[in-house]
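If you're matching them up, the sequences are chains H and Z in order. Numbering-wise (this note's numbering), the first sequence opens with residue 1049 and increments by one. Numbering-wise (this note's numbering), the second sequence opens with residue 136 and increments by one.
Please note that a few of the clues may not be correct.
Cβ-Cβ distance ranges computed for the label pairs, FRET-style [as the list claims (entries may be wrong)]:
no., chain 1, residue 1, chain 2, residue 2, range
1, Z, T366, H, F1164, 18 to 28 Å
2, H, R1108, Z, S295, 20 to 30 Å
3, Z, G200, H, V1101, 40 to 50 Å
4, Z, T247, H, D1100, 24 to 34 Å
5, Z, M353, H, V1101, 47 to 57 Å
6, H, D1088, Z, N244, 16 to 26 Å
7, Z, N212, H, D1152, 21 to 31 Å
8, H, S1193, Z, V186, 39 to 49 Å
By construction, these hints were calculated from the structure, which means they are not laboratory data. Note that the structure is predicted; figures quoted are calculated from it, not measured. Using N, Cα and C, we set each Cβ at its ideal position, and we do this for glycine too.
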Amino acid sequence: MAVSWKLHGRWIVPFVLMLIVTAFAVSSSRTDAGTPFVDDVMSSTSSRISYDVPASVVPRIGASDAVKAASAFAGRPITAHSVRVGLYNTLQKRNVPVWVIDADGLDLHLPGGDFFSGTPEPVTRAVILVSIDDGHIEGMYSGASSH
Amino acid sequence: MQAIHSRHRARRALAHNITFRIFVALAFVLSSLLFTTNRAYAYCSGLSSYVGRWESGGIQNVSSGLSGTTGYVQGFNPDPTVSNSTAWYMVTIPGQYTYAQTGWVRTSNWSTYYHYAAWRSGYNDSQHEAIDYVTPTNSHNYGVQEISGGTSFEFSYNFSAWLDTANLGWYPTQVEAAAETLNHGDHFPGSASPGPYVEFWGGTYTIYGLGYSVSLTMYDNNSSTDVVGKTQLSSTAFYVWDKRCSDGG
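Please put together the full structure from these sequences, using the hints given.
Put into structure tokens, the structure is as follows:
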């Protein structure tokens, strides 16, 4: 029995190490794959979305109308991966209530590049922020974080 | 008899006077109508569409310590736009897909222009775009400035910061200010005479925390010669227009 414990004991340290490594790998992969697109895109800027929305904030336009407004902005029907009410914050704006749309299937040609670089590829996926009051586009963010 | 003649003369003079005034009034009304008609039916349509690049403005190289630029750009609402029509200021490492740019832009789907910031840190980086709605004003000053002594950039509109980037890890070496379209069917910023043109003025740049007026060398990168008109006013100011469009904006 004592021999058996000794044999088992030899494996405990590697086993625990393996558990730690596995747990770390799983948690890391969850962070990479599980970060919502909205958070990923916004993380490269000082702008933020808060989903801690007071009950008093009631959208005047519905989610489907918000998606329609985003589609009009994109010039084509978009695929909405998620649509949530949030509060939009920039260095100037404070807690502006918006529909936060993770929009896919865009073909937006936006500026970028200098005289001596090529022009950027069209934006195909973006976070589009639609006013919950009148449906105007309050903002748009694209470009996954790489910093 | 003489009295009758003089009364006739007086009546004729009065009639001539009234007729003259009516003519003047009619001429005034007609010319006003003509002017209004011209503006109402101003022309910028039927532009042939093909992909290209029409980019016109100025550049200034800065050997070291460049940390930002700011300047005024006239607002404009170009129509039609097939791809986009834009006017901007930027700092960049030229030719390396490394820049921080801000200005206004209108694309084909929008009824108005928006203010934007765009940045990228090399060919392998994602193109980052941020568009923010603000209540339109007559004055548009755009700025991009490194902050906190690092390589994060702060974008401002009318001298109010609205967006900070993450740390981008590069230092710019050139200032650029330009208007740009990417399709021959786009209305390049500005209208032909009598305008309104899109003017850039009051440009500055910052070296080691000190501000200087820009000294721009004019530069063009145009796929054809029939689109862009440009006049340089000074080392800090120029204006552009679309030669094909007399639509009064």
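*Looking at the structure, which of the earlier hints fail to hold?*
8
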